[in-house]
Amino acid sequence: MPVFSVVIDPAHGGKDPGARIAPKLLEKDLTLLLARKLRQELQARHIVATLLRESDADLSFDQRAVAVNLAHPSVFVTLHAEPSATIHIYTAASNSAAAPEPDKNSFLPWETAQTAFHGQSTTLATTTAMAIEKRELSAVIQPSFLEPLHSIAAPAIAIEVPANNRGFKVSADLIAGALADAIAIRKMSGAVQ
Amino acid sequence: MIPRNVQITLVLLFLLVLVTGVYIVHLRRGTQENLRAAAEERTVAPPVNGELQTVKLTIAYDDDGVFRSRQATGVLPDEPESRAKAILGLLIGQYVSHPSPHPLGPGSAIKTVFLVNNRLAVLDLNEQFADEHRSGIMIEDFTLLSLIDTLAANFPQLEQVKFLVDGKERETLAGHADLKTIYSTAAAHRLVEQLQ
Numbered sequence: 293m294p295v296f297s298v299v300i301d302p303a304h305g306g307k308d309p310g311a312r313i314a315p316k317l318l319e320k321d322l323t324l325l326l327a328r329k330l331r332q333e334l335q336a337r338h339i340v341a342t343l344l345r346e347s348d349a350d351l352s353f354d355q356r357a358v359a360v361n362l363a364h365p366s367v368f369v370t371l372h373a374e375p376s377a378t379i380h381i382y383t384a385a386s387n388s389a390a391a392p393e394p395d396k397n398s399f400l401p402w403e404t405a406q407t408a409f410h411g412q413s414t415t416l417a418t419t420t421a422m423a424i425e426k427r428e429l430s431a432v433i434q435p436s437f438l439e440p441l442h443s444i445a446a447p448a449i450a451i452e453v454p455a456n457n458r459g460f461k462v463s464a465d466l467i468a469g470a471l472a473d474a475i476a477i478r479k480m481s482g483a484v485q
Numbered sequence: 251m252i253p254r255n256v257q258i259t260l261v262l263l264f265l266l267v268l269v270t271g272v273y274i275v276h277l278r279r280g281t282q283e284n285l286r287a288a289a290e291e292r293t294v295a296p297p298v299n300g301e302l303q304t305v306k307l308t309i310a311y312d313d314d315g316v317f318r319s320r321q322a323t324g325v326l327p328d329e330p331e332s333r334a335k336a337i338l339g340l341l342i343g344q345y346v347s348h349p350s351p352h353p354l355g356p357g358s359a360i361k362t363v364f365l366v367n368n369r370l371a372v373l374d375l376n377e378q379f380a381d382e383h384r385s386g387i388m389i390e391d392f393t394l395l396s397l398i399d400t401l402a403a404n405f406p407q408l409e410q411v412k413f414l415v416d417g418k419e420r421e422t423l424a425g426h427a428d429l430k431t432i433y434s435t436a437a438a439h440r441l442v443e444q445l446q
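Chains as they are written, first to last, in my numbering: chain A, 293 to 485; chain B, 251 to 446.
The set of hints was computed from the structure by calculation and includes no laboratory data. Bear in mind the structure is a predicted one, so any value in this text is a computation, not a measurement. Among these hints, one or two may not hold up.
[As the list claims (entries may be wrong)] The calculated lysine-lysine pairs, modelled on DSS-like cross-linking and capped at a C-alpha distance of 30 Å, are:
hint	chain 1	residue 1	chain 2	residue 2
1	B	K361	B	K430
2	A	K479	A	K426
3	A	K307	B	K430
4	B	K418	B	K361
5	B	K418	B	K306
6	B	K430	B	K306
7	A	K461	A	K316
8	B	K306	B	K412
9	A	K426	A	K461
10	A	K307	B	K418
11	A	K307	B	K361
12	A	K307	B	K412
Given only the sequences and the hints, what does the whole structure look like? Please build it.
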């Protein structure tokens with residue numbers, strides 16, 4: 293019987309620092325911190341969770357997508373931090389002129405792997421936004437051309453948490469808890485890839 | 251015999267003149283470098299004669315998280331590739347001005363626009379455009395969408411846009427937005443409409 297599992301991507305790493313939040317505070321360090329908290333929260337809810345990187349490793353977007361697609365997770369989450377004011381949840385933006393109905397079981401171009409999961413990713417984004425709102429915070433859902441979302445063959449979202457020179461502007465525990473709640477709801481609904 | 255205090259004063263004055271001289275030479279060199287860099291960034295193109303024309307620009311507003319369609323006027327060349335580059339130049343002009351609705355790094359420019367069968371546009375950004383671009387998911391998306399939609403608004407037959415940086419492919423603009431893909435102008439316009 294397939295196990296409900298989550299792959300967490302602490303974005304950036306190695307020679308890719310991501311956004312420079314402050315002179316000594318890099319996005320890649322904050323994303324790893326948040327990823328570890330999210331794994332803890334998921335494990336507390338008896339959900340299997342793995343991180344794409346455990347250290348300051350250098351992973352290309354293709355390497356990340358390959359690792360995720362080989363793992364066949366039930367959910368994929370990529371974590372980001374930015375000096376902004378709002379929590380953003382992103383789903384992959386469609387990049388086709390007519391938005392065709394894809395067949396999950398046929399061969400597809402690598403960069404369109406996400407198309408078949410668009411509906412599930414949108415539902416996950418909405419559930420996550422609601423879980424965040426329950427904690428008296430707000431989140432904006434938006435489609436994006438963010439790498440590597442298009443290449444992921446699973447329900448996938450990105451979450452970008454506001455940060456400043458002291459770290460996250462909102463509690464990382466709150467965000468990790470909200471995300472874990474949203475994923476747990478998805479698990480309870482019986483969604484296993 | 252010159253008194254000791256006068257000797258010290260003279261030595262100090264001499265040192266001051268020397269330090270000031272070195273500083274002036276340093277400033278002069280810096281100014282020359284800046285002027286040369288600025289001259290290199292200037293568009294090298296024959297002067298354009300003709301009537302002022304109106305074009306549509308899709309401008310990103312970071313603070314509001316929206317796009318707004320604006321009109322701009324300029325004397326534009328007739329040759330399609332030069333015209334496309336000039337239109338994007340008007341858009342970038344909005345972003346490098348102060349205050350800017352969507353700031354771009356200094357020296358950001360489009361090096362060349364190639365039009366393939368008038369359906370595919372290849373935009374070659376200069377290195378400063380990508381290297382100096384702010385890193386962030388929405389900020390990077392907004393730059394790409396604004397460029398694609400502005401081009402599509404003025405070249406309605408255009409279907410796809412591809413980005414290069416200094417003639418080469420790059421994975422992302424500044425760590426987030428995909429630069430390897432070929433963008434559909436229709437898909438980009440749908441997103442812009444959602445955020446208007």
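Evaluation of the provided hints:
With a C-alpha separation of about 18 Å, the suggested pairing of K361/B with K430/B holds against the 30 Å cut-off. Distance restraint check for K479/A and K426/A: the Cα-Cα separation of roughly 19 Å lies within the 30 Å cut-off, and the hinted pair is therefore satisfied. A distance of roughly 19 Å separates the Cα atoms of K307/A and K430/B; the hinted pair therefore holds under the 30 Å criterion. For the suggested pair K418/B and K361/B, the alpha carbons sit about 12 Å apart, so the restraint of at most 30 Å is met.
For the given pair, K418/B sits about 29 Å from K306/B by alpha-carbon distance, which is consistent with the 30 Å threshold. Under the criterion of a C-alpha separation no larger than 30 Å, the hint pairing K430/B with K306/B is consistent with the structure, at around 27 Å. Proximity of K461/A to K316/A is assessed by CA-CA distance (about 16 Å); at most 30 Å being required, the pair is judged to hold. Using a Cα cut-off of 30 Å, the hinted pair K306/B and K412/B holds, with the two alpha carbons roughly 20 Å apart.
Taking the CA atoms of K426/A and K461/A, the gap is near 18 Å; set against the 30 Å cutoff, the hint holds. A C-alpha spacing of about 20 Å is found between K307/A and K418/B, which places the hinted pair at or below 30 Å, so the restraint holds. About 27 Å separates the Cα atoms of K307/A and K361/B, which keeps this hinted pair within 30 Å; it holds. A threshold of 30 Å between alpha carbons decides the hint, and for K307/A with K412/B the separation of about 26 Å falls inside it, so the pair holds.
The structure is consistent with each of the numbered hints, conforming to all of them.
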